[in-house]
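First residue of the sequence shown? That's 246 in the working numbering, and the numbers climb one at a time after it.
To be clear, the hints were calculated from the coordinates, so they are not data collected in a lab.
There could be a bad hint or two in this list.
Unchecked claim - Below, simulated EDC-like cross-link-like pairs (lysine to aspartate or glutamate); rule was C-alpha separation at most 20 Å, straight line:
hint, residue 1, residue 2
1, LYS370, GLU321
2, LYS377, GLU310
3, LYS370, GLU331
4, LYS377, GLU349
5, LYS251, ASP270
6, LYS377, GLU366
7, LYS370, ASP320
8, LYS377, GLU317
9, LYS251, GLU267
10, LYS377, ASP327
11, LYS275, GLU264
12, LYS377, GLU343
13, LYS370, ASP327
14, LYS358, ASP327
15, LYS377, ASP320
16, LYS358, GLU343
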Amino acid sequence: MEVTIKLNGQALSVDVSMEVYEYLDRADHKAENLAHEQRRHWDGREFDEYIIATEGIGIYSETPEEFLCRSETLDELLFVLDSCTETQRRRFLLYALEGLSYSEIGLVCGCSKSAVQSSIEAVRKIFQTFFKNRPCD
Numbered sequence: 246m247e248v249t250i251k252l253n254g255q256a257l258s259v260d261v262s263m264e265v266y267e268y269l270d271r272a273d274h275k276a277e278n279l280a281h282e283q284r285r286h287w288d289g290r291e292f293d294e295y296i297i298a299t300e301g302i303g304i305y306s307e308t309p310e311e312f313l314c315r316s317e318t319l320d321e322l323l324f325v326l327d328s329c330t331e332t333q334r335r336r337f338l339l340y341a342l343e344g345l346s347y348s349e350i351g352l353v354c355g356c357s358k359s360a361v362q363s364s365i366e367a368v369r370k371i372f373q374t375f376f377k378n379r380p381c382d
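Take the sequences, apply the hints, and build the full model.
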């Protein structure tokens, strides 16, 4: 592959391997994406967070607002789960957190696949009702 490089203001064509060409192409796209993001955040706000999130540069620290929102959301989720029966909660958590299938949960809990499905659907409906009736922030 042939690439054109500017050296001291002059264009210079160089033959490179496919791997080098792909690497340079990815670098161009990355620089273009960063430039686009910088234009999008012309006043500088949030641009540092974008770089940290996409490039992993620097140490990301959760803002107090993010911490509070995450804590409130977790409290709401736990509140909804507390309103479910123990059986529903256990089956839902095995499904949502452990990633078990309905059949696997049925084996663990000693019940049918349809009983597991009913429990999980009931918890989903409770969540939907809760968040539908929740006032928007």
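Here's how the hints hold up against the structure:
no. : hint             : verdict
1   : LYS370 to GLU321 : holds, 15 Å
2   : LYS377 to GLU310 : violated, 23 Å
3   : LYS370 to GLU331 : holds, 16 Å
4   : LYS377 to GLU349 : violated, 31 Å
5   : LYS251 to ASP270 : holds, 15 Å
6   : LYS377 to GLU366 : holds, 16 Å
7   : LYS370 to ASP320 : holds, 18 Å
8   : LYS377 to GLU317 : holds, 17 Å
9   : LYS251 to GLU267 : holds, 18 Å
10  : LYS377 to ASP327 : holds, 18 Å
11  : LYS275 to GLU264 : holds, 16 Å
12  : LYS377 to GLU343 : violated, 26 Å
13  : LYS370 to ASP327 : holds, 14 Å
14  : LYS358 to ASP327 : violated, 23 Å
15  : LYS377 to ASP320 : holds, 17 Å
16  : LYS358 to GLU343 : holds, 16 Å
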